[in-house]
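2 protein chains.
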Amino acid sequence: MSDARLIYLPLGGAGEIGMNAYVYGYGKPDQERLILVDLGVAFPDMDTTPGVDLIFPDMTWLQDRADRLEAIFVTHAHEDHVGAVAHMYEKLGAPIYARAFTANIARRKMDEKGYSEETVRTASAWPETIEAGPFRVGFAPISHSIPESAGLVIDTPAGRVVHSGDFKVDANPVVGEPFDPDMWREIAKPGVQALICDSTNVFSRHAGRSESEVGPEITRLVSEAEGMVVATTFASNVARVKTLAEAGQRAGRSVVLLGRAMRRMIEASIETGVLRDFPPVIGPDEAQDVPREHLMLIVTGSQGERRAASAQLARGKYRGLELKEGDLFLFSSKTIPGNERGVIRIINQFSEKGVDVVDDSSGLYHVSGHANRPDLEHMHDLIDPKMVVPMHGEHRHLRAHARVAEAKGRASAVAVNGMMMDLSGDAPKVAEYVETGRTYLDGSIKIGALDGVVRDRIRMALNGHVVVTVILDEEDEPLGEPWCDLKGIAETGASNAALVEILEEDLNQFLMRANPKTLADDDKLEEGLRRIARQSAQSEIGKKPEVTVVISRMR
Amino acid sequence: MSDARLIYLPLGGAGEIGMNAYVYGYGKPDQERLILVDLGVAFPDMDTTPGVDLIFPDMTWLQDRADRLEAIFVTHAHEDHVGAVAHMYEKLGAPIYARAFTANIARRKMDEKGYSEETVRTASAWPETIEAGPFRVGFAPISHSIPESAGLVIDTPAGRVVHSGDFKVDANPVVGEPFDPDMWREIAKPGVQALICDSTNVFSRHAGRSESEVGPEITRLVSEAEGMVVATTFASNVARVKTLAEAGQRAGRSVVLLGRAMRRMIEASIETGVLRDFPPVIGPDEAQDVPREHLMLIVTGSQGERRAASAQLARGKYRGLELKEGDLFLFSSKTIPGNERGVIRIINQFSEKGVDVVDDSSGLYHVSGHANRPDLEHMHDLIDPKMVVPMHGEHRHLRAHARVAEAKGRASAVAVNGMMMDLSGDAPKVAEYVETGRTYLDGSIKIGALDGVVRDRIRMALNGHVVVTVILDEEDEPLGEPWCDLKGIAETGASNAALVEILEEDLNQFLMRANPKTLADDDKLEEGLRRIARQSAQSEIGKKPEVTVVISRMR
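If you read the sequences in order, they're chains A and B. Using our numbering, you'd call the opening residue of the first sequence number 1 and step up by one each time. Using our numbering, you'd call the opening residue of the second sequence number 556 and step up by one each time.
Take these hints with a grain of salt, some might be off.
[Stated by the list, open to error] In silico SDA-like cross-links for lysine to any residue, where the CA-CA straight-line distance does not exceed 25 Å:
hint, chain 1, residue 1, chain 2, residue 2
1, B, 646, B, 1000
2, B, 879, A, 395
3, A, 524, B, 1026
4, B, 984, B, 710
5, B, 908, A, 416
6, B, 1099, A, 438
7, B, 889, A, 206
8, A, 446, B, 601
9, B, 668, A, 494
10, B, 908, A, 395
11, A, 543, B, 999
12, B, 963, A, 326
13, A, 543, B, 669
14, B, 908, A, 438
15, A, 544, B, 601
16, A, 386, A, 159
17, A, 324, B, 971
18, B, 1079, B, 1029
19, B, 1098, A, 450
20, B, 1072, B, 1029
21, B, 908, A, 437
22, B, 908, A, 337
23, B, 646, B, 634
24, A, 353, B, 985
25, B, 1099, A, 112
26, A, 446, B, 1047
27, B, 1099, B, 1011
28, A, 28, A, 157
FYI, nobody ran anything at the bench for these hints, they're computed from the structure.
Please take these sequences and the hints and turn them into a complete structure.
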């Protein structure tokens, strides 16, 4: 297969942080056998995706080639890596491989959607490998902020590829395997063609801190607290949850886990054996009888999510528990950019209750799960690949990461979603541009990002919505006057009369003057009525609403 | 007047950062003569106030007592202090006092709304004072991030009050007067009853840095740059703009100011004499002929605002100028929480163009305009008041600030919007609770925050909007079938048929089965149709849309 090639095609996660989906292929052009690494989601926001439940990468390219897809490999159980497996499985249909903890989480998702648990296969750690067409893939343990993360060792006829997955260099991650430079050196020994590498923290210039370093600070804080202590972190950060629980235990407090995700993650960790000696926990009912100074709650909602436990506790009671003056609330987590408002809202609500809030502004109570720049350089050196292709980052991260690689003389390139890279040569080069995008889960339905549904919502949110109704008789003459319903629009405008009346009057004027041709033509009539409604609103309230015209004809 | 009292009533700015409006009163209860300090705006966001243009404090309480209002004093020209003067003037009607630069900005606002420039009176600096009923008010210069900020010295029959305004302790603020501890000591000498004090930076534990400290860093960065340099900061931070312009000049670059606010602020500074020796600037047309390595653009849009110059440059050309690979973009500003997404969007767009972006993550290119905790303590000590009332902060800031004061043995209290405090005694005590809230400028119209307009917009944005139209004949029998228009809703649901058809069919079923009583009653009919539309949508697309029912009767 002299004209066979090794390709890498990010469909999600390169040019954004979230919804990771990376395709590798090997074979003759357009006949490559394919594998998919990760299949995650991104989360919506009110600015760009109001009402949307989840965001998926658009997998059309891969769905159209599903017959060439050998397998799906999931590096770890964060939602941006595993969140879409069940939603997207129907049209991909390949076996899903993951290590035990990740597989446990993936199976729960498959099960919820009615798929057999056998769709997900548990992979052993490197040096064991899985054959998938021309690929042989091993899950090499790597430290991150969730148990059993893996970097993938992908052997291909064109050489070895290392796909780092999300990782940090942590010699003591509290739960799970430490970063093992010797193992990576072994993996690198035969020579590595390409390192596809996490870029998230490329702008952090200092070496990363170990998960184990937050323990003493948290222990000190909890031991000094006088009232109830409530701490929040990412539920998936099982090591942190353990550290928090142990700090509670050491201070003679009973530990309560609140929030579905929190209980599910700890459950999965215990089921799969990644978590041992977790302090005993009690339920919220039992906690009612424990004096507050002997309680330690560990709760979901570190990003200020409105429905999570922390937001509910900030608003009032949750599961019978309530914070009071003198209690302590700890954010043991970073606030992801974009979530600041929600987090600050909670802090202020607690402040109103007299609860002291400690956040991570001092950097004492949280460490990141991603490799900082010096750690990325360390990884590049360990693997010593022919080329480095940055992934898992916005454009700015990928670009900075490519520079870091190039500064040490390694070939690199910024490859964003849709850029199919040929990795067969001495440097990554663009082979093809593939159309990519996003799919939204909206309620129970998938809609395309460009369907216009969300655009219409944003327009209604910004401008309000006027519904104009007219009825015409058999001769296309208006039957009565047009009328308007307003939603999301000021009731009274500049002339101090009800806006709805002014609009109706202006629309009626238009109808009375309209010529028979206009009245007989739905499109023309609609256009005219919309224009009048918008003009009339503009002069009354200074903005042009969205307008829906409903024309009923008696003929 | 033995039963006269001195009151303080925040109507905006206490319990939030933004829309400052603080009332002081002196006299017998309910007969106090009043003054207002500041009258600012807050800015909307998509999460809570989609489509809104500006947010004002609800001034109803003061409007109802406008006959007792002696004057309005504006401490400085930031929008959250002066932004609402013209919008709210009609119903308040008292003279507005400010120092020359602030008055210049305020007059432009009054002029735009058709008010005489004489509504705004220029005040000289302390020790000159203005008499306003029982009050005598002096504008004492204080350093901040805009020229001619003032703390107010408010003499009342119940003693002296110092209203700090926004301030920092800066001995060398580059433009404007340095913080003058001797002056404040003089002011404190007769004894101060209450210090009403800025709380913004109470969580910053280190002493603040001086505006003059960013100069060398900026100069170094600009001198090392090879392509075009573009810098953004708050337009009102005239000192920073000057520092940036001088750095450009020193590097042999022609300076261009882009963005209306940028030019207006510099113009006002020069007109009022607060800015001297600003480097010469050229227009964007002239800049076309200057080699890019000799250009320095200073632009608006430091918070990622979509329509400002930086966002436009990030998207493409602006005023004939365009950034290219090798150019440098500098954010010389802090990102205000909530604006992260917009700023990050711009950084990524520049990254795609190959433009290097330097932001303030290292803290080298920006300093804050507010006093940090040690500086607040310094101010408390200088003024040595009987009581400290924190203002200009969210609840968490006010609470922490009150603790700082109490730690040094001074009386304090958390007073949020609507809490009228009696300052006459030895400690602030609540005199009354007043209803407060927010008013929105929406297009050209003011609407109440609780009018339901914005709530409806948010609901439409989250759920989409279905319009159901039915026509009934003279006998209240349906004339034809009902129909639906969808906006912001998926077109196809679970049964793979057009959602609109399924809704219409379900609604028709309902109509056919409805009893004459329901058909004859608009409310009942509407309720039934809405319920069916929501149920039907829920089962098809998994969410319940907003529904507007339009019933036309031929009778």
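So which of the earlier hints does this model not fit? none
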